[in-house]
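So the sequence lines, in the order shown, correspond to chains X, V and E. Using the numbering used here, you'd call the opening residue of the first sequence number 84 and step up by one each time. Using the numbering used here, you'd call the opening residue of the second sequence number 5 and step up by one each time. Using the numbering used here, you'd call the opening residue of the third sequence number 11 and step up by one each time.
Everything labelled a hint here was simulated from the structure, so no lab data went into it. A few of these clues could be false.
Claimed, not checked - DSS-like cross-link-like pairs, simulated, lysine-lysine; straight-line CA separation at most 27 Å:
(1) Lys337/V with Lys220/X
(2) Lys137/V with Lys253/V
(3) Lys126/X with Lys253/V
(4) Lys220/X with Lys309/V
(5) Lys126/X with Lys158/E
(6) Lys39/E with Lys185/X
(7) Lys313/V with Lys220/X
(8) Lys253/V with Lys309/V
(9) Lys70/E with Lys109/V
(10) Lys127/E with Lys95/X
(11) Lys231/V with Lys160/E
Claimed, not checked - Example chain E residues on the side facing chain V (calculated, C-beta under 8 Å, incomplete):
(12) Asn80
(13) Val84
(14) Gly87
(15) Gly90
(16) Gly182
(17) Pro183
(18) Asn266
(19) Asn287
(20) Asn290
(21) Glu291
(22) Ser294
(23) Asn295
Claimed, not checked - Listed next, with one range per pair, are the computed distances between beta-carbon atoms:
(24) Leu104/X with Phe175/E: 25 to 31 Å
(25) Gly44/E with Asp101/V: 50 to 56 Å
(26) Val362/X with Gly44/E: 32 to 38 Å
(27) Ala198/V with Pro296/E: 29 to 35 Å
The beta carbon of each residue, even a glycine, is placed where N, CA and C say it ideally should be.
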Amino acid sequence: MSALAAISPRRKRTDLMFRSLLLGATLLALVPLVLVIYTLISKGAGAWNVSFFTTDPTGRFFGDPGGIKSAMVGTILIVAVAAAIAVPFGIGVALYMVEYGKGTRFAGIVRYFVDVMTGVPSVVFGLFVYIVLVLTKIGGGFTAWKGSVALALLMLPVVTRSSEVVLLLVPNSLRETALALGAPRWKVILRVVLPTALPGLVTGSLLAVARAAGETAPLLFTAFGLAATSANLGGQMNSLPIQIFNDVQKAQDRLVERAWGAALALVVMILLLTLVARVVQRRSATA
Amino acid sequence: MRKWLALAAMCVLALVVAACGSSSKSSSGGGGAKQLGGSINGAGATFPQPVYEEWGAEFKKQAGTAVNYQGIGSGGGVAQFTAGTVDFGATDSAMTDDEVKAAEKKGKTVHVPSVFGSVTIAYNLDGQKSGLKLDGATAADVFLGKIKKWNDPAIAKLNSGASLPSQDITVCHRSDESGTTKLFTTFLAAYSPAWKNGPGVDKTVKWPTGTGAKGNDGVASCVKQNKGGVGYVEQAFALQNNFTTAAVKNKTGAFITPSLASTSAAGEGITVPADLRFSAINAPGAKAYPIASATFLLVYEDMCKAGLKADQAKRVKAWLTYATGDGQKVAPKIQYGALPSALLKSAKAKVAGLQCNGKPIKG
Amino acid sequence: MEASSLNARGDRSILERSPLAQLPDRATKWILTGLAALILVIIAFFFIRLYAEAHPAFAKFGVFGFTFDNDWNVSAGIFGALPLVVGTLITATIALMIGVPIAVATAIYLTELCPGKARGPLTIMVELLAAVPSIVYGLWGVFFLIPKLKPAEQWFSDHLGFLPFVGGSVAGPSYFVAGLILAIMVLPIVSAISREVMATVPVEHKEAALALGATRWEMIRMSVLPYSRAGITGAAMLGLGRAIGETIAVTLVIGNAPVIGNSLFSQGYTLAAVIANEFNEAASNPLHRAALIAAGLVLFVLTLLINAGARYFVRRAERMGGINAAKGDAGARVAAPGAAA
């Protein structure tokens, strides 16, 4: 059999057809992205001006609806607190699995349940926090910190699993060298493992933050809502997703316009976070 | 890489500081005679939300207290009030005996009627102005899904001479538990046995047809987005969105368009029990709009025993005093009816009787 | 005192650290182990609490009755979640039927056919679909997709009424719109995992096919697809897990009608959407609250089963590919879609 047998026209046609089908499907996959971004910009950018970012929603039935200041501040605060809980926690668990529990049954169980956690829908976490913290009125009814807890529960498995992957990438020879030089284990972790893995840890955490920032359901159940800007984590707080959720279901054009503006702001925030995460990742890859 | 972390930490810190700074600025605003300050949280009906938002802005100027009102529906309002997660609740249909009993764990509940409003039947129909005539039975058939087109003989019979399109009807109703729904279904059930024995009367019913939406706003949005859409919304929402609304046949047989006058007319000549849990649906007056009602603010008679701090109870009482005082003058500006004088007197008495740990609240 | 410490020192090898110096080491170990244990405690508590809270609903209607009775009537105090379960499954099925073929095609194109320069940007763009939050898809669905699709749906319904589940009047929000939005949302996840699985197909297999004179497509059909079938199945299941748990976007576009609609274009409800809509009202009604939590539990168990299945397939595909954890642990990838480049 000749290795260079001519390909029959029929096979060529089939090949071409399927290749173009695959290309077509790829382009089709990008259609919603283009449409979403186009609609977001065309409808959202019109809402943007200085006062949009510097005023709170007025809640007034007629006249100026106000801007999204309280929602932006609320989102940043709630997500920052959630990250403050989930990032150290998640990295700690990952450290345990890589540095101490490698190959042990316990670590296997922990890893399994972390995976289970990733699959839990955000609305179920919201419901859980609502039952355990809101209805029991621990430290007030609806409060922002409970929203942070719900988001932290969502972020935790993401941070843990991405950190684990990164920590596994740290070459064992580095650890062994440090240990052989007489450094205690904790110092090896602190001075060798963590700094080596830092870019990856930052990337993973930032992506988890980006994901949490867009979540609506957990906040609906916990931080509730508030028109005014507030930094009181012990009280109700506004956030971008909740602001959008409330405005979407309004009939008035001026409120729907605010929803588009707020959505654009939210997407820009998330894209910036993702971008920073990628830059950190790329830097570490070239370094 | 540590630089990165430091930078991130600084960013977060800067944002927190900025947020704190701005909030302390905003809370020191206002300049009334007596400064109560702080904020109170309420949640419930969306029906009176427009007027509560206006009041909130005025009250903030007067007392310096911010009122955070979340429109989550009357069902949510009663539930969160009973669970004690809010300082005050709000509902359009008075709490049922069962609900009152459930709330009794925390103490005696007080219904403070705040304003009168009307539930309009709003529609989105090309070329059709306001004033399409509907009676209870026909409206019930529309919401039952029995009448599917706008030119149905039943509608045409009530509107002789009107040119009705053969457009499909899209029903919009509430997806949350709503006092507005209870008022509306009470009206439908009074004229339609099929409705009474089918979906029935409650804050939420098993809708045979249509799209569910959240709040008066959601229903308004649904009507607006669907050609041929019909839904029931409070008058202020219809007005704000320039909706066309139906003239509804009342108890005396007259077709009444919803207006401030016909809403207020519904408040006259109705009997009110001592605990003020009343309904103004199918009011007897010849000029009364048939689907009108008062809406209520909910508090516990002894707020401190129910879990509020003393100064918080004071703020809530001030808010209710405003609602039954100066607020009554604001309401008609956005088409809500003020309380008739006899009812207002009883409402004021209820507010005056509020307590904190067995003692009357001063101020 | 001195004697005993001397004694202790005598027992120790020179390389061993003093007990005091070991303290930070021990502390680190215990703290980290504690954190790991805490995760288990949280999950155990989560599950027990949910089950205990849902118990009244299961006790009253039975697990089977709750899940499969076709009557969700809050005012009557009857909670049979079948309309919600059916709605959840219909929308998820639509999402998979539309989303998975496109996602897999995208993955094949990006791994096998795409010219090198376009690959990076195209990959990032597909992944960007995952960065758009649910609420934004919901907003877009309400104000862009529904009005734009309605005429097409109506035409479809009028002319193809002979098909099952098609015909009758077209509502704006519907199973179909919700399914379509979900398809967009699962696409990046399915695509990313499929890509990773396809990357593990040994080069020898592909080259062998090409060397035998196969065209590109034949090579894909004969070596890439069979090799990654398990992984693609796993990816699709992960997409399914995501689709059934999605809440906010679905709430906004499904029409919130607790009945089983009679066509693809009628309004429905899903488990997640009902929780988001009714939790406020259920605060003081124990049975209603239990029913919502039970709905959450059913959702949780469904996702648990689906994800376990997905993981099994993805792991199997990984083992076949024999890739090491360092190269790309798809399990972690599942945890953080879009985390690995």
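Each hint tested on the structure:
1. Lys337/V with Lys220/X: violated, 38 Å
2. Lys137/V with Lys253/V: holds, 7 Å
3. Lys126/X with Lys253/V: Cα-Cα ~42 Å, so violated.
4. Lys220/X with Lys309/V: Holds. Lys220/X to Lys309/V sits at ~15 Å (cutoff 27 Å).
5. Lys126/X with Lys158/E: Within the cut-off at roughly 16 Å; holds.
6. Lys39/E with Lys185/X: holds, 13 Å
7. Lys313/V with Lys220/X: Distance of about 14 Å is within 27 Å: holds.
8. Lys253/V with Lys309/V: Cα-Cα ~46 Å, so violated.
9. Lys70/E with Lys109/V: holds, 24 Å
10. Lys127/E with Lys95/X: holds, 25 Å
11. Lys231/V with Lys160/E: It holds: about 11 Å lies between the C-alpha atoms, which stays within 27 Å.
12. Asn80: violated, 11 Å
13. Val84: holds, 5 Å
14. Gly87: This interface hint is violated because 10 Å lies over the 8 Å limit.
15. Gly90: violated, 11 Å
16. Gly182: holds, 6 Å
17. Pro183: Holds: closest Cβ of chain V sits about 6 Å from Pro183/E, inside 8 Å.
18. Asn266: Holds, about 3 Å.
19. Asn287: Result: holds, 5 Å to nearest chain V Cβ.
20. Asn290: holds, 3 Å
21. Glu291: holds, 4 Å
22. Ser294: holds, 4 Å
23. Asn295: holds, 7 Å
24. Leu104/X with Phe175/E: 25 to 31 Å: For Phe175/E against Leu104/X, whose Cβ atoms are near 27 Å apart, the range 25 to 31 Å holds.
25. Gly44/E with Asp101/V: 50 to 56 Å: holds, 51 Å
26. Val362/X with Gly44/E: 32 to 38 Å: 34 Å Cβ-Cβ, so the 32 to 38 Å window holds.
27. Ala198/V with Pro296/E: 29 to 35 Å: Distance hint for Ala198/V, Pro296/E holds at roughly 32 Å.
The structure fails hints 1, 3, 8, 12, 14 and 15 (numbered hints given earlier, in ascending order).
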